[in-house]
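Sequences listed follow chains C and Y, in order.
Quick note on this note's numbering: the first sequence kicks off at 1 and runs consecutively.
Quick note on this note's numbering: the second sequence kicks off at 450 and runs consecutively.
It is worth saying that the hints were derived from the structure and are not from the lab.
Treat each hint with caution, since some may be false.
If you want a taste of the chain C side facing chain Y, the calculated C-beta under 7 Å gives, among others [claimed, not checked]:
| # | residue |
| --- | --- |
| 1 | R14 |
| 2 | R289 |
| 3 | R293 |
In this text, a Cβ means the ideal position worked out from N, Cα and C, and glycines have one as well.
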Amino acid sequence: MRALLLKDLRLMWRSPLLTALLVIYPIVIAVLIGLALSAGPDKPRVAFLNEVPADTPLTVGGEEFDLVAGRDELCDRIECVRVSTRAEARDLVASGDVLGALILPADLIQKLESLGGLAPAQATVEVLINEEDPVKGQLVDDRIESLLAGANLRISQQISEISVGYLGILLDGGSLDLLGAEFEVLGLRAAEAILTQVGDQLPKGSEQRQELERVIDFASVAAENLAVADDLLGAVSQPIGVDRQVVGGSSPSLDLFAIAVAAAITLMFTTMLLVAGSLALEREENTYRRLVRGLISPSGLLAEKIALGIVVAVAVTLLMLAGLELFLSLQWGRFLLWLPAIAAGGAGFAAFGAAVGGAAREVRVASLLAFMVSLPIAFLSLVPSGTVGPGLFDVIGIVTALFPFDPALRALQGALEEAGPSLAAAIAHLAALTVAYSLLARLALRRFD
Amino acid sequence: MQTLSSSVEAAIEVASVRKSFGDRAALKGVGFAAEAGELLAVIGPNGAGKTTLLSIIAGSVEPDGGRIEVGSGRVGFVPQRPALYRKLTVEENLRLFARLEGAEELEGEVERMLEQAALGERRADLAGTLSSGNQQRVNIAIGLLGHPAVLLLDEPSTGLDPRQRSRLWEFVLGLAAAGTTVIFSTHNIAEAERYGNRLIVLADGEGLFDGTPAELHAAAGDGAADFEAAFVNFLRERGH
């Protein structure tokens, strides 16, 4: 078997295109993933038209909001393209130069400031969207809505505080500025105290005292209820808060999940295509009959091909992970766990490739078949729960469990970080698939010659 | 495959071999024996069962019945289409198969084959870059690894030009002269007459004749212009 393994490695070396693909492919994958993870998503281009007169301050309830900081925050989350007219903004959106436009109307500040007075009017901003690209359109929508939600929250909190101030004056008394004139307000508690003193001077049981006591009771109830209004207004300004608790372990890293996906895809393509092609090549070169005529058994030949797949899988995947180290910090302390995960994944894919190569019997057909079968199942394995109906998700779960991609992905996740899935369970799953596909490959070899 | 006892003189003995593929009988009880150094040609029309017979003798195909016994040594098999790795050199192909054959003197065996096949100068060339004739010589050289007592050649000259065929037969005749029993199948009747000491004629899985070319000519009757015409007459008279 060792002689055949060395022969196959030599054949790979003699095929410059194949060898280049096996070396370049993981490096390209590593660089692409590294760049994607380190650079972050591109900002959508959005036209920004500010019709609010320059240097207009925004003051709500006596507090001045920093409009420049707000604009900078907006332009930090999207790429702002400054425009000077509505027509220009609309043209840019229509032509697709920008994905959307955000227009701040001239009366925006005036309406916002009215929220702190006694004649509030709702302020609106205008958003123009080009949905030629629905994904990016949704991204613009989400970012602008998120930004406006933040601004709304801050303004509503300020308005709540103003309202609480008004209520405080009603409750405890104070001065109130209305239309430029200052008024002194007595306050419910002071009014209650005065009325109580006046009531004490009236004869007990008199009709006047009874009427006055009804007013005193009202003032007391009103004061008690206004006293709890502070909390109520605070709750209304942010009805749903988030109380995040971690009940155990640490959540798997999104970056490491992406790396595990990339490693599993690399494993899948290199190992499956190599083993399927290598086995089919034995028939195309007419050497299969010569080999199994007493030199090696068909099962021995299959074992050699699977060993070849494991050797190449380990080499290529480690090369890819080493490339990723340029962009991300991997947990090299878990290296000894990486090896069994990669080897088990390689064995599963190699056995599957052998079954494909044995059934296809020709190198080109085997490569095409391996590609056509593996890609959709890999995509299915990445469908997250909750995105499809429960019944369909169960079916997807069964289908993907019959293919090495899903357990290989779990094994790599488990090997890359402690918070990942169980490595032992994934390796056991892969071992079972390796045996099953090896048996199928052995059956296929019956009609291989 | 069984091995003959030392008292048997034949290098190989094939008796009543039968093989069917589904409903079709490929071989219907074929038998013959061959001695050391003999050159035996198996001829017959397409579908006669020639390749099936050689594959069964080689051990690649299991017979349904019958017996095959080899005097001593092993059987080497050379398939019709070269069975070698085109991306390996001539020497690497020979070394690989010699190692798989378990050759004791690996390098010596490889050198012997390179010399015997007159491919010493092409030893470092990739097999895929060789001419068809030279690929066939490497193919035969691989079949000769391990010193087989019996060498089976399945249509060895197919696709070769006259000069390549001539060099190939020169090589094969040298093997027979050295004591190797050579059994070859061919469509080329003239080649069978020229190089075969004996002819086995198969048609529709039946063994119709076992004898020398002269005996086949005689069995076909007078009037045939040449050996090929005699062979066609022979088949026609027997309903094929």
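Status of the hints after comparison with the structure:
For R14 of chain C, the shortest C-beta to C-beta distance to chain Y is roughly 4 Å, which falls under 7 Å, so the interface hint holds. Interface restraint check for R289 of chain C: the shortest CB-CB distance to chain Y comes to about 5 Å, inside 7 Å, so the restraint holds. Checking R293 of chain C against chain Y: minimum C-beta separation of about 5 Å stays under 7 Å; hint holds.
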